[in-house]
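So the protein lines, in turn, are chains P and B.
Sequential numbering from 5 applies to the first sequence in this note's numbering.
Sequential numbering from 36 applies to the second sequence in this note's numbering.
A hint or two may mislead.
Cβ pair distances, simulated, as ranges [to be verified]:
#: 1; chain 1: P; residue 1: S92; chain 2: B; residue 2: L144; range: 39 to 45 Å
#: 2; chain 1: P; residue 1: Q214; chain 2: B; residue 2: H175; range: 48 to 54 Å
#: 3; chain 1: P; residue 1: L101; chain 2: B; residue 2: L144; range: 36 to 42 Å
#: 4; chain 1: P; residue 1: S56; chain 2: B; residue 2: S293; range: 49 to 55 Å
#: 5; chain 1: P; residue 1: I71; chain 2: B; residue 2: K267; range: 43 to 49 Å
#: 6; chain 1: B; residue 1: D74; chain 2: P; residue 2: S118; range: 42 to 48 Å
#: 7; chain 1: B; residue 1: G178; chain 2: P; residue 2: R32; range: 25 to 31 Å
#: 8; chain 1: P; residue 1: E159; chain 2: B; residue 2: H175; range: 39 to 45 Å
#: 9; chain 1: P; residue 1: G18; chain 2: B; residue 2: D239; range: 46 to 52 Å
#: 10; chain 1: P; residue 1: E283; chain 2: B; residue 2: T49; range: 30 to 36 Å
#: 11; chain 1: P; residue 1: L307; chain 2: B; residue 2: A301; range: 22 to 28 Å
For the record, the hints were derived by calculation from the structure and aren't laboratory data.
Glycine is no exception: its CB is placed at the ideal position from the N, C-alpha and C atoms.
If you want the building blocks of each chain, they are given just below.
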Amino acid sequence: MTPTGTQAVLTVEGLRAHYQVSSFGIERDVRAVDDVSLHVSTNEIYGLAGESSCGKSTLVKAIAAAIRPPLRVLAGSISYRFGDRRMSLYELSADALAEIRWKHLSYIMQGSMSVLNPLRRVRSAFVDFAFRHIGKPMPEFLGIVEAHLKRLHLEPSVLDAYPHELSGGMRQRITIALATVCRPDFIAADEPTTALDVVVQKSVLSELRQTQREMGASMLFVTHDMAVHANLADRLGIMYAGRLVEEGTTAEVFKAPAHPYTAHLIASLPRIGDTEAREGLAGAPPNLANPPPGCRFHPRCPLAMDVCRREVPEMAWVSDTHRVACFAGKAEAA
Amino acid sequence: MSEPLLDVRGVVRTYTRGSLLAGKHFRAVDRVSFSLDVDRPEIFTIVGESGSGKTTLARMILAMTTPSEGSIRFRGTDLAEIHRRRDRLTFMHQVQPIFQNPFEAFNPLKRVDRYLMMTARRFAGVRGREAESAADQALHGVGLSLAEVKGRFPHELSGGQLQRIAVARALISRPALIVADEPVSMVDASLRISIVNLFKVLRDAHKVSIIYITHDLGTAYYISDRILIMNKGRAVESGDARTVLDNPQHPYSILLKSAVLSPDPAAREATLA
Numbered sequence: 005m006t007p008t009g010t011q012a013v014l015t016v017e018g019l020r021a022h023y024q025v026s027s028f029g030i031e032r033d034v035r036a037v038d039d040v041s042l043h044v045s046t047n048e049i050y051g052l053a054g055e056s057s058c059g060k061s062t063l064v065k066a067i068a069a070a071i072r073p074p075l076r077v078l079a080g081s082i083s084y085r086f087g088d089r090r091m092s093l094y095e096l097s098a099d100a101l102a103e104i105r106w107k108h109l110s111y112i113m114q115g116s117m118s119v120l121n122p123l124r125r126v127r128s129a130f131v132d133f134a135f136r137h138i139g140k141p142m143p144e145f146l147g148i149v150e151a152h153l154k155r156l157h158l159e160p161s162v163l164d165a166y167p168h169e170l171s172g173g174m175r176q177r178i179t180i181a182l183a184t185v186c187r188p189d190f191i192a193a194d195e196p197t198t199a200l201d202v203v204v205q206k207s208v209l210s211e212l213r214q215t216q217r218e219m220g221a222s223m224l225f226v227t228h229d230m231a232v233h234a235n236l237a238d239r240l241g242i243m244y245a246g247r248l249v250e251e252g253t254t255a256e257v258f259k260a261p262a263h264p265y266t267a268h269l270i271a272s273l274p275r276i277g278d279t280e281a282r283e284g285l286a287g288a289p290p291n292l293a294n295p296p297p298g299c300r301f302h303p304r305c306p307l308a309m310d311v312c313r314r315e316v317p318e319m320a321w322v323s324d325t326h327r328v329a330c331f332a333g334k335a336e337a338a
Numbered sequence: 036m037s038e039p040l041l042d043v044r045g046v047v048r049t050y051t052r053g054s055l056l057a058g059k060h061f062r063a064v065d066r067v068s069f070s071l072d073v074d075r076p077e078i079f080t081i082v083g084e085s086g087s088g089k090t091t092l093a094r095m096i097l098a099m100t101t102p103s104e105g106s107i108r109f110r111g112t113d114l115a116e117i118h119r120r121r122d123r124l125t126f127m128h129q130v131q132p133i134f135q136n137p138f139e140a141f142n143p144l145k146r147v148d149r150y151l152m153m154t155a156r157r158f159a160g161v162r163g164r165e166a167e168s169a170a171d172q173a174l175h176g177v178g179l180s181l182a183e184v185k186g187r188f189p190h191e192l193s194g195g196q197l198q199r200i201a202v203a204r205a206l207i208s209r210p211a212l213i214v215a216d217e218p219v220s221m222v223d224a225s226l227r228i229s230i231v232n233l234f235k236v237l238r239d240a241h242k243v244s245i246i247y248i249t250h251d252l253g254t255a256y257y258i259s260d261r262i263l264i265m266n267k268g269r270a271v272e273s274g275d276a277r278t279v280l281d282n283p284q285h286p287y288s289i290l291l292k293s294a295v296l297s298p299d300p301a302a303r304e305a306t307l308a
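Isolated chain B, as found in the complex (with noise of 0.2 Å):
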């Protein structure tokens, strides 16, 4: 068997909150633990309500924060163990986040294209012409060109285009794993639709695994291939997603499948009651 692409063994990452009221540690993270195969690229879903742990989680992936117990390796590299620049370099090459909010991703006073040959001078190693190419080729992966993005800055494009520039960008350096937290949470109904499909795309056509954190439990059924429901800091049901979501065994699963607002007027009395 060959080595995970991302094994996750029971990593817990504690903070110190509060002296104001009372100051005690708690686990943001508790005792979590998955893996990524690394030959079948796939859609791995983290759900939960806010402050249920998925960011600090999606941080430890992304080698941001480092876990106060438990390991992470990325193809066998400890995760902790990245300490040179060089390493990190590497590290960041394969591995990519998406950020939720593209508006406060984007620095306003840059040019969106900026963002797109930084990425490709650092993580691809190309330079001028080549960069652009490299850009251009990422950005008709999500549906954009060049030309229709350059010399642009952030508040001139609308926030799903913008939301596909981050994905583009996140995809230059061709990574084999793409972070995104809550990357649709702040985009309008009728574009959440083209963001998810083009992660699709990405794990069908790129062969790039994802892992998708959201607490939208409608977006997650659509496209994911396995799902881990976290309550606080917890993983408290995980599995193929469709199996999980038609039957929650969990009760907090079941209370999060239950509070989702059905789309359709006629079942409304029952929800809110």
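Only chain P is shown next, with the shape it has when bound in the complex (with noise of 0.2 Å):
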């Protein structure tokens, strides 16, 4: 499934990520990442698509190893390659996660912009996350991060601010060099832009997009915003109802999407210069604990087939580059 020439730094296989709650007697399965299996490999920028609740943010969660009860890996597995390094994610212990995170793996949060203490300086949360990571003499260290700031457009007097006195897209910038700080070869980021305004996330994607080739790493990126996967995504991934329906290069699934949430989702982007008028998707998401049979998008699907309503479509590729899990897409496509 590697392209040749390039390696897989991260592969996900047959995942299942379900928040189980039980209280009362009453017991809650929500299927939130249900089967995904996928690769990113070295140097490249992974986009991650899809409505919100359809389960991006925890499969962002579980390959990060920030998963937390009620969330549970169920089944499947994540591996990492570093180097010469191969690891899999649930089998390492405490310890060992403990080394590889930041340094190795590196996550920006969700609402990354309230994460940083505000009782703290800057500086602190530098120290806390990368110190030991880095591991130079203090002096040294500082010197290393007004470094890092500097790539990113920040002065080192930030490091002596509190996370109240600068604005939102500094603090963004905070934290993306905490993330990067230590020169980790993945980067999980989940909605890092979402919150700024379109001037400053402008700026924030380029200097997420530099430092990620500068340093070689690799990083899945997950948003909803379609236009920003456009403009930053090597391959794109389009995730519904806790599944993965499609999954290409951007140009491919830009230019031919062979699913019909997918086609959806690009058709009813407003562009300036167009006032074509566009329709939004009737319906709402399904209930992830108690999702319809078939395939999750039927109800709301204008190409639902008798087939649709009674099994699960799989994965199938479409061209070397391009999978889809829809029959009637495939049906098309061939």
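Both chains are given apart, each in its own frame, so use the hints to dock them into the complex.
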């Protein structure tokens, strides 16, 4: 599955992650991630798209080893390859995990504008996160941090500031600096620019990409904003109701979407200079505690056939790099 | 010529910011003027980045904040003269808000239909059965029905449904003007278009004027009749939405337009340099 010449840094196979709640004898099993397989290669940005509550953030949590109850990984594997070291994420001891976290595997959290401790200066966040991984004496460590901040167009003086003294864009840059200061091999970024306005978003995105390219890191980038994906992602995965429904290079997915949901996502984007009437998708995403049988998209799908109501479509290859889980899409492409 | 629906004339709002670094006055909104015609309902869009004064301006139009200078008149009445409860209710009857984040706008411990009933009782002056039919009618206007939402708590509904309920709530009193402050920024791209399409229906079928505040130029171009671009509290450019966005003149408008990411992977290297 891996294209020749590049190596997969992250391989996810058949991952199932559910939120299991049991209270007063009522059990709820929310299937947030259901049988997802994907890989991310060296120096690649993998974009993950889909609407709210489709399981994007849950998948990122599983990949970044940030699973907390009631979220549980029930099946499947997540493995990383850092240089010559291969490891399976859920077989690692707590110590081994602490050693790779931030140094090899870093995570930019959703709403990361508010992850900084409001009572402590930015400097102490850097010391807490990165000091022991970089393993240099304090003055040298601060030199490295300052040089890294400069790369993200931040003054070294922000280290002495409290988070409330900084704008949203600056705080977002700081969380990106925190996640990249140890030069990790893999970055999982969950909606890092959603709360920013367009002007700031553009500069944060280009800095993030520049940093990623310089370090040769790989990145899993999650957002529901298709315009961001069009500009950032090398490959794109589309999630719907906990399942990966389509995957391909960004150009392929935008040019020839094979799943009706993807086609809708792309068609509904309003563009400047285009006033053609556009329609929203009727209906609501399914409740993941009780998803519909067959293809989970069938109640909203304009192409739904009988088979879609009975059977779950498997991922099938449309081209060497493009695969889709849809009975109708596959028939069309063949 | 008849009295304009809304006449905003040279409004200024000053805030004192910070004592930690240096306490200083700054103008969140600086001499902004525009007016909406009473006979011609329209979607009037205000765009600008965070901190450009969009929300402060909206709060002044909703009479939640008083201007430091200048005046805002709604059907000839100066909003600064609204003091009595009855005047305020009359005003709120005609001007209704829709807020940014539907999950924060609704109290998580209240059933959503209570908001609809409260609005019906207070502004439409109806109770019981009549209130229910007013709520149902408003919900039908946004593609929902009372049966679907009755007894539901906010967490049981999706963001898009909640935002449509917020629009329905605003419609119950049959307002002449709706002020929508970033109504789609917390909503997914696929639902965004349904909400903005709804605004078109409100304008055309219900004859409601809408002040649509956003930083999303894509939807602004899609639905607006007129546009006002704000930067640091000032109106830097305004006019017919398509004319302004197709060919922006002010350097800030040009910057804003160039920052919009095109949903086209073919043009990517040029945009994210």
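Hints, one by one, checked against the model:
1. For P:S92 and B:L144, the Cβ-Cβ distance of about 44 Å falls inside the hinted range of 39 to 45 Å, so the restraint holds.
2. The hinted window of 48 to 54 Å between P:Q214 and B:H175 holds, with their beta carbons roughly 51 Å apart.
3. The hinted range of 36 to 42 Å is satisfied by P:L101 and B:L144, whose Cβ atoms lie roughly 38 Å apart.
4. Remark: the range hint 49 to 55 Å for P:S56 to B:S293 is contradicted by a beta-carbon distance near 29 Å.
5. For the pair P:I71 and B:K267, the beta carbons lie near 44 Å from each other, so the given range of 43 to 49 Å is met.
6. Between B:D74 and P:S118 the Cβ separation comes to about 46 Å, which falls inside the hinted range of 42 to 48 Å.
7. The given range of 25 to 31 Å is respected by B:G178 and P:R32, whose C-beta atoms sit roughly 29 Å from each other.
8. Take P:E159 and B:H175: their Cβ atoms lie about 55 Å apart, and the range 39 to 45 Å is violated.
9. A C-beta distance of roughly 50 Å is found between P:G18 and B:D239, which places it inside the suggested range of 46 to 52 Å.
10. Distance hint check: the CB atoms of P:E283 and B:T49 are about 44 Å apart, inconsistent with the given range 30 to 36 Å.
11. The hinted window of 22 to 28 Å between P:L307 and B:A301 holds, with their beta carbons roughly 27 Å apart.
Checked against the numbered hints given earlier, this structure breaks hints 4, 8 and 10; the rest are met.
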